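Novice: The lines below spell out each chain.
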Amino acid sequence: MRRFSLAFAGIVLVAAIAAPSALAQFAPVTPESPNAEGIRQSYLFVSIFVAGIFVLVEGLLIAFIWKYRRRRRPRFEDGAPIHGATKLELAWTAFPVVVLFLVAAFVFIELPGIKDIPEATAGEEQLEVRVSGRQFYWQYEYPNGVIAVDTMRAPAGVPVRLEVTAPDSDVIHSWWIPPLGGKIDAIPGTVNQTWFEADTPGTYHGQCAELCGLEHANMLASVEVLSQPEFAAWLEERRAEQTAGSGELGAETWEGVCAKCHGLAGEGGIGPRIAGSLVLADPEALESLVRNGRRTMPAVGAGWTSEQVEALANYLKESPPSGS
Amino acid sequence: MAVSRAESVPAWQRGKVASWLVTTDHKRIGILYISTALVFFVLAGLMALVFRLQLSQANADVLSADRYNELITIHGTAMVFLVVVPLLAGFANYLVPLMIGAHDVAFPRLNALSYWLFFLGGAILMGSFFADGGAADTGWTAYPPLSTQATGNGQDLWILSLHVLTASSLAGAINFIVTIHNMRARGMTWMRMPLFVWSILLFAWLLMAILPTLSAGLTLLLLDRGVSIGPWDVQTNFFNPAEGGSPVLYQHAFWFFGHPEVYVIVLPAFGIISEVLPVFSRKPVFGYKAIAASTVAIGFFSMLVWAHHLFTVGLPISLQVFFMLASMIIAVPTGMKIFNWLATLWRGNLHFETPMLYALGFLSIFVIGGLTGIYLAAFPIDWQLHDSYFVVAHFHYTIFGGAMFAIFAGLFYWWPKMFGRLLDERLGKWQFWTLFVGFNLAFMPQHFAGLEGMPRRVYTYSNESWEGYNLASTIGSYVMGVAILLFVVNIWRARSGPRVGNDPWQADTLEWYTTSPPPPHNFDDVPYVTSARPLYDLRRKLRIERGGREPA
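In the order they appear, the protein sequences are chains A and B. All residue numbers for the first sequence refer to my numbering, where the first residue is 1 and numbers rise by one. All residue numbers for the second sequence refer to my numbering, where the first residue is 325 and numbers rise by one.
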């Protein structure tokens with residue numbers, strides 16, 4: 001019995017050390033922002049205890065199954081009676097309390113780094129972007145009025161504060177770019193806050209995490225992190241294009257808003273075929289349709305600026321969908 | 325003047341089918357509950373097999389988005405409301421009167437009403453596939469505004485079905501509470517009551533506490549969708565933000581019901597395990613009082629944790645802290661149970677018939693479901709994992725790996741009580757191992773898909789690094805399908821299986837005191853109950869009377 005317990009304790013110890021490193025493979029995706037990093041650290045800290053308890057319980061279970069199996073004993077012979085185990089009961093009541101206390105304490109230590117938006121460092125302004133979840137696209141609005149769809153551009157090394165919401169006529173969505181932190185719901189009538197600060201330029205992908213209707217699965221989002229000068233140039237250029245009614249916004253709107261249901265070439269999908277439709281060539285009819293919706297088509301353009309409607313109309317005039 | 329039972333029954337009710345349709349016998353109603361729920365189990369399981377096919381590969385083209393959303397919605401709703409809860413209610417119906425030495429439940433007709441309402445609610449839900457616009461497709465949680473904006477009648481039928489099922493559960497809950505409080509055998513004090521009966525008591529009290537909130541939430545949802553009452557069209561805006569309503573209010577109402585519902589499911593499963601483990605370890609359950617007390621504690625705390633389902637709606641941090649701590653506190657009584665069960669095995673004389681295999685399988689799997697719950701209770705971690713496949717894996721580990729494994733333990737254990745015949749052991753063991761392997765293959769990889777960013781409820785995905793996990797999961801689900809098929813074969817063959825005695829397992833509780841299957845009135849006489857193991861006491865007394873030695 002004694003040798004058995006020693007061997008068992010050894011196994012538990014080795015496993016408890018080895019398991020967290022194995023579990024680190026199975027942790028949230030590689031973080032690219034301090035809040036995602038804080039969440040991952042918390043996850044790994046919890047994993048130490050989870051792995052330990054897992055090994056302890058499953059180990060005892062297997063050991064008992066092996067050691068106390070019937071062998072040649074008579075079928076209905078009684079097992080050993082055990083009387084009074086108050087200390088044992090107290091011990092395994094206290095043990096989870098201690099573990100949970102440690103977990104909660106660690107969460108409290110990590111919490112400020114996860115939820116609080118860092119102060120902007122010398123000379124750099126925080127960037128604030130309004131994120132609006134809509135069936136079935138993400139619309140971003142920058143402080144200077146620049147609009148973007150689905151792909152957000154952000155500067156590296158600058159804290160970006162996101163104000164996440166949805167129009168009153170829409171449904172609940174959830175903003176989630178795993179490498180840039182946890183999710184926050186985009187709820188009609190409510191403005192929620194979250195943030196990220198990515199140091200490495202690159203494109204980070206995510207998608208809507210709250211069932212929002214038929215094309216929920218295709219409501220993808222990405223954040224393209226640019227170096228600060230590149231970002232400043234992009235923002236400037238977009239501002240100018242938008243005023244002129246030209247540029248990428250029209251194409252982005254077509255791809256992000258219209259094409260998810262009607263197909264990239266307007267060939268139809270869950271929505272009808274619209275290639276060749278007269279509405280696409282008539283800016284007034286187009287505006288009325290996107291702003292008000294029709295039958296099962298949601299009012300995808302409710303609240304759009306006239307610049308965005310114009311950009312879409314101009315894009316459709318220049319490159320009408322081919323239908324195949 | 326005694327009138328025999330047969331004479332008091334009108335002729336038209338004596339037929340083989342008619343006698344089941346009009347029955348008020350708790351045992352027959354229990355069997356009706358269990359068999360109906362098993363049919364729904366197969367249906368909802370087949371739905372899962374279809375949508376797992378759609379998810380087995382990236383960009384697959386098996387199902388359209390709307391069919392997919394309908395299938396996941398009805399799969400989830402049916403598994404909770406038509407399968408797991410009714411299966412446990414079926415066990416409760418069959419066993420509670422027998423375990424406490426009563427002749428029936430307190431209100432047998434109300435009991436029959438409760439079954440037939442369940443049948444009706446189930447028929448409405450399954451029938452809603454044929455409604456205008458198809459079945460509901462907004463998930464089993466039906467969050468507004470998506471559910472208030474849903475077109476067609478599917479969502480309305482979903483609400484109607486849940487209202488009917490709520491009425492059914494309330495009637496059942498009242499019945500169990502009155503029965504358990506008033507009809508226990510002489511000598512059966514609270515501390516001598518079988519642990520399964522303890523768990524049903526809490527199951528019933530919890531249902532009484534939480535179902536009204538669900539009904540209220542569903543009624544508001546229905547009114548928000550708009551109803552016509554006579555000449556008046558009513559359309560409210562409780563959840564409509566454009567008119568000052570709050571969509572999050574519904575989430576509170578739903579989860580104030582929805583989280584305790586998890587314990588409504590899992591407490592009776594715990595109860596089954598607490599009955600099976602001691603019998604197959606040939607020992608009394610370790611820490612009877614601790615297990616009974618932890619049942620009550622879990623029931624109480626389960627009503628204080630609902631908002632951990634709302635960590636991403638933007639609640640104030642102080643509230644998130646409260647709900648994190650409350651959720652973590654539940655781990656303490658749950659841990660007590662697990663350690664007490666382990667200690668029940670300790671120094672026992674273990675034998676591994678199918679009920680025991682399922683009970684041990686339950687232990688090994690439920691631990692995983694409990695541990696992943698710690699991540700989700702810690703709200704910053706939940707911000708990352710919420711609504712991802714990690715959550716899908718977590719709740720299948722608790723509800724399938726926990727409750728369904730316990731239910732199979734119960735089915736194999738009490739089958740000879742219900743029918744006087746054993747289910748086949750060889751097929752049963754094959755079924756256990758197939759299900760155990762299939763289950764872990766299906767749901768373990770979903771943790772990893774979730775950690776890598778796969779959200780739940782997506783009908784398709786293009787990220788190819790999720791493909792491996794999903795393929796494994798799909799294969800696992802089909803292995804589980806094979807296991808269920810083995811169970812169906814086993815039931816079929818057991819109709820003509822060998823008869824066994826009244827008490828094939830040499831168990832300890834009163835239901836085994838009578839014949840198997842029991843007569844309509846259950847008991848000719850009920851012994852005075854001297855402990856939580858009345859049959860053990862009787863066997864011991866008999867042995868001593870016959871001059872045998874007192875066991876050491």
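These are calculated hints, taken from the structure and not from any lab test. None of these values were measured; they are calculated from a predicted model. One thing to keep in mind: the hints can contain errors.
Quick list of in silico lysine to any residue cross-link-like pairs, SDA-like style, CA-CA up to 25 angstroms [said to hold, decoys possible]:
hint	chain 1	residue 1	chain 2	residue 2
1	A	LYS115	B	SER786
2	A	LYS67	B	GLU677
3	B	LYS613	A	GLY145
4	A	LYS115	B	ARG750
5	B	LYS753	A	PRO81
6	B	LYS753	A	GLU58
7	A	LYS115	B	LYS865
8	B	LYS613	A	VAL98
9	B	LYS613	A	ALA80
10	A	LYS317	A	SER306
11	A	LYS115	B	TRP829
12	B	LYS613	A	LYS317
13	A	LYS115	A	VAL158
14	A	LYS67	B	HIS576
15	A	LYS87	B	GLN830
16	A	LYS67	B	GLU776
17	A	LYS87	B	ILE641
18	A	LYS67	A	GLY84
19	A	LYS67	B	PRO608
20	A	LYS87	B	ARG750
21	A	LYS67	B	ILE653
22	B	LYS865	A	LYS87
23	A	LYS115	B	ARG549
24	B	LYS613	A	VAL158
25	A	LYS67	B	ILE641
26	A	LYS115	B	SER642
27	B	LYS753	B	HIS675
28	A	LYS67	B	GLN830
29	A	LYS317	A	GLY145
30	B	LYS613	A	LEU88
31	A	LYS115	B	ILE653
32	A	LYS317	A	ARG294
33	A	LYS87	A	LEU56
34	B	LYS613	A	ARG294
35	A	LYS67	A	LEU44
Novice: Does each hint fit the structure? Answer for all of them.
Specialist: Status of the hints after comparison with the structure:
no. : hint                   : result
1   : A/LYS115 with B/SER786 : violated (31 angstroms)
2   : A/LYS67 with B/GLU677  : holds (17 angstroms)
3   : B/LYS613 with A/GLY145 : violated (66 angstroms)
4   : A/LYS115 with B/ARG750 : violated (56 angstroms)
5   : B/LYS753 with A/PRO81  : violated (29 angstroms)
6   : B/LYS753 with A/GLU58  : holds (20 angstroms)
7   : A/LYS115 with B/LYS865 : violated (66 angstroms)
8   : B/LYS613 with A/VAL98  : holds (23 angstroms)
9   : B/LYS613 with A/ALA80  : holds (19 angstroms)
10  : A/LYS317 with A/SER306 : holds (16 angstroms)
11  : A/LYS115 with B/TRP829 : violated (57 angstroms)
12  : B/LYS613 with A/LYS317 : violated (78 angstroms)
13  : A/LYS115 with A/VAL158 : holds (16 angstroms)
14  : A/LYS67 with B/HIS576  : violated (48 angstroms)
15  : A/LYS87 with B/GLN830  : violated (31 angstroms)
16  : A/LYS67 with B/GLU776  : violated (40 angstroms)
17  : A/LYS87 with B/ILE641  : violated (37 angstroms)
18  : A/LYS67 with A/GLY84   : holds (22 angstroms)
19  : A/LYS67 with B/PRO608  : holds (18 angstroms)
20  : A/LYS87 with B/ARG750  : violated (41 angstroms)
21  : A/LYS67 with B/ILE653  : violated (33 angstroms)
22  : B/LYS865 with A/LYS87  : violated (32 angstroms)
23  : A/LYS115 with B/ARG549 : violated (37 angstroms)
24  : B/LYS613 with A/VAL158 : violated (58 angstroms)
25  : A/LYS67 with B/ILE641  : violated (48 angstroms)
26  : A/LYS115 with B/SER642 : holds (13 angstroms)
27  : B/LYS753 with B/HIS675 : holds (13 angstroms)
28  : A/LYS67 with B/GLN830  : holds (22 angstroms)
29  : A/LYS317 with A/GLY145 : holds (24 angstroms)
30  : B/LYS613 with A/LEU88  : holds (14 angstroms)
31  : A/LYS115 with B/ILE653 : holds (24 angstroms)
32  : A/LYS317 with A/ARG294 : holds (22 angstroms)
33  : A/LYS87 with A/LEU56   : holds (19 angstroms)
34  : B/LYS613 with A/ARG294 : violated (63 angstroms)
35  : A/LYS67 with A/LEU44   : violated (34 angstroms)
Checked against the numbered hints above, the structure breaks hints 1, 3, 4, 5, 7, 11, 12, 14, 15, 16, 17, 20, 21, 22, 23, 24, 25, 34, 35 and satisfies the rest.
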